[in-house]
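Q: These protein sequences, in sequence, are chains A and B. Everything in the first sequence is counted per the numbering used here, starting at 1 for the first residue and increasing by one. Everything in the second sequence is counted per the numbering used here, starting at 239 for the first residue and increasing by one.
Hints were generated in silico from the structure; no laboratory data involved. Fair warning: this is a prediction, and the values are worked out from it, not measured in the lab. Check the hints yourself; a few may be wrong.
[Stated by the list, open to error] Not close to chain A: a few residues of chain B, all C-beta gaps over 10 angstroms, as computed: (1) G270; (2) T330; (3) K348; (4) N388; (5) D393; (6) T397; (7) Q404; (8) N421.
[Unchecked claim] Short derived list, chain A residues pointing at chain B, Cβ under 10 angstroms: (9) D23; (10) W25; (11) F45; (12) V52; (13) P91; (14) F97; (15) I98; (16) I109; (17) H131; (18) P132; (19) S133; (20) Q134; (21) Q192; (22) T196; (23) G199; (24) F211.
Virtual Cβ for every residue (Gly too), placed ideally from N, Cα, C.
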Amino acid sequence: MHALHQVIHTFFNPHSFTLAMPDVWAGFQVNLKMMFIAEALVLVFALMVAIVRGLPGRGAKPLRALAIAYTDFFRGTPIILVTFIVGFGLPGLQLGFISNRSFTVYGIIALTLVYTAYVSEVFRAGIESVHPSQRSAARSLGLSYGQAMRYVVIPQAVRRVIPPLLNDFVGLQKDTALVSVIGVAEAASLAQQFSTQNGDFPSYVVAAVFFILITIPLARFTDHLVAQREQRERAQAF
Amino acid sequence: MKRFLPLLAVAALVAVPAASARPSAPPTLEAGKLIVAFGDPAPGFASGTVRGSTITSPRGYEVDLAAAVAKKLGVTPVWMFSPWNSLFAPGTKKFDISFQEATITAQRKKTVDFTTSYLNANQGVLLSKQAPVPHSLADLKNMQTCAQTNTTGLDWIKTQLHPAKQPLAFPTTTAAYQAVQINKCDAMILDVPLVSLEKKSSPSKFGPVAGQVVTHEQYGAVLQKGSALLAPVNTVMKALTADGTVGKLQKKWFNLNFATIPVLK
């Protein structure tokens with residue numbers, strides 16, 4: 001009983017919890033910035049990679065191969081290594097426009113590279129789940145390949161993959177904490193600094209609470225979208 | 239319980255003579271060996287090739303000192319690598335003693351034991367090649383500072399300097415030095431002996447060691463909290479200081495006059 005009390009005190013001591021709040025919040029703003037920018041970039045790039053991977057014809061073979069190579073490489077590399085390579089590698093190249101950025105920017109680049117690979121697979125699954133008859137029907141109405149994708153396939157595909165997509169975004173939001181390996185003062189790293197200065201752990205709990213507070217609304221929003229779609233599809237059946 | 243009492247009594251009778259047979263054997267993890275852990279490579283202190291938890295052919299002041307301590311204790315030293323970030327974590331240590339240029343602080347004493355000091359140190363400011371030279375703490379405040387996590391340097395930045403920008407905090411010394419080399423960090427705050435020797439070993443990669451902040455820190459070797467080895471090691475360390483071995487080793491490895499570095503106020 002005493003041991004349990006001891007653990008509760010070292011992790012949930014309310015005084016230390018309140019003290020850690022401003023510090024960790026300052027760091028969490030960096031996490032928020034990284035997650036929103038990376039998510040916006042991932043949406044655009046992942047869709048592009050998925051479309052390139054689905055391009056028809058022999059002429060597009062090199063492009064498809066490139067998309068496959070990209071996905072294989074970045075989906076298979078631990079994000080912490082990509083962060084190191086981007087964070088310490090790009091500045092060393094001494095390219096004016098890319099080498100003068102802050103570590104936060106390199107963190108965003110690393111997150112975008114890795115999550116684009118994940119999310120492009122989600123988009124691809126969505127595109128392939130649209131029945132081929134939809135595409136044939138669109139083409140027989142005189143739409144070009146691009147138009148059929150733009151007006152018929154992609155809208156249906158995107159709607160279908162929103163839940164798994166948001167699931168990946170929750171993963172991305174949490175992985176912003178990994179950017180601390182290149183020194184970025186984000187929530188988890190500031191929580192650690194607070195913890196070593198104070199000799200207890202409530203700061204980690206504060207950081208955990210911030211992360212949960214941002215992912216729960218996203219989870220509920222996903223549930224809402226799923227329910228909405230189900231209702232719509234059932235309505236059409238009658 | 240009663241039933242076992244005679245058994246315990248017999249065990250005690252057997253155990254006592256066995257233990258007193260070698261009265262001088264120090265209480266190390268493995269009999270006859272002193273497992274010594276070093277941390278992130280630090281030129282002049284302890285640097286060698288690290289592979290997992292092994293470190294091969296380490297060289298430096300701390301290595302020589304550890305060897306001298308082991309010799310006086312009458313045991314063979316065995317080297318290993320142990321990461322800095324877990325040094326002060328509570329729990330069982332895999333080493334008998336660790337030399338990692340660790341400053342003795344009250345906070346750290348809650349989770350580990352320290353030997354008597356084997357070096358005094360202040361905090362030093364190592365600049366990147368592009369950074370302007372700070373002439374005061376006010377100048378330093380407006381620069382991008384960085385440090386290693388869990389160090390007294392990072393503590394000093396956060397509790398004393400209060401810089402305009404959040405300091406960058408890296409999990410390893412190597413990463414922090416790298417940030418200085420690629421000009422992402424203007425001023426790295428770490429112990430004077432460490433940054434001075436790093437600058438001395440690769441002069442072209444860094445700017446100058448621009449200043450020091452007087453903090454009067456003392457390095458102690460780290461042992462498991464409550465280790466029975468603490469008392470014998472302290473006796474040996476005091477003897478090594480008294481007979482001049484410690485002074486001789488410092489001269490051999492450092493040979494730098496830290497007092498010439500300007501003091502920042």
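Q: Does each hint fit the structure? Answer for all of them.
A: Quick rundown of the hints versus the structure:
{"no.": "1", "hint": "G270", "in the structure": "holds (36 angstroms)"}
{"no.": "2", "hint": "T330", "in the structure": "holds (17 angstroms)"}
{"no.": "3", "hint": "K348", "in the structure": "violated (6 angstroms)"}
{"no.": "4", "hint": "N388", "in the structure": "violated (5 angstroms)"}
{"no.": "5", "hint": "D393", "in the structure": "violated (6 angstroms)"}
{"no.": "6", "hint": "T397", "in the structure": "violated (7 angstroms)"}
{"no.": "7", "hint": "Q404", "in the structure": "violated (4 angstroms)"}
{"no.": "8", "hint": "N421", "in the structure": "violated (7 angstroms)"}
{"no.": "9", "hint": "D23", "in the structure": "holds (9 angstroms)"}
{"no.": "10", "hint": "W25", "in the structure": "violated (13 angstroms)"}
{"no.": "11", "hint": "F45", "in the structure": "violated (25 angstroms)"}
{"no.": "12", "hint": "V52", "in the structure": "violated (33 angstroms)"}
{"no.": "13", "hint": "P91", "in the structure": "holds (4 angstroms)"}
{"no.": "14", "hint": "F97", "in the structure": "violated (16 angstroms)"}
{"no.": "15", "hint": "I98", "in the structure": "violated (13 angstroms)"}
{"no.": "16", "hint": "I109", "in the structure": "violated (14 angstroms)"}
{"no.": "17", "hint": "H131", "in the structure": "violated (50 angstroms)"}
{"no.": "18", "hint": "P132", "in the structure": "violated (51 angstroms)"}
{"no.": "19", "hint": "S133", "in the structure": "violated (54 angstroms)"}
{"no.": "20", "hint": "Q134", "in the structure": "violated (50 angstroms)"}
{"no.": "21", "hint": "Q192", "in the structure": "holds (6 angstroms)"}
{"no.": "22", "hint": "T196", "in the structure": "holds (5 angstroms)"}
{"no.": "23", "hint": "G199", "in the structure": "holds (5 angstroms)"}
{"no.": "24", "hint": "F211", "in the structure": "violated (19 angstroms)"}
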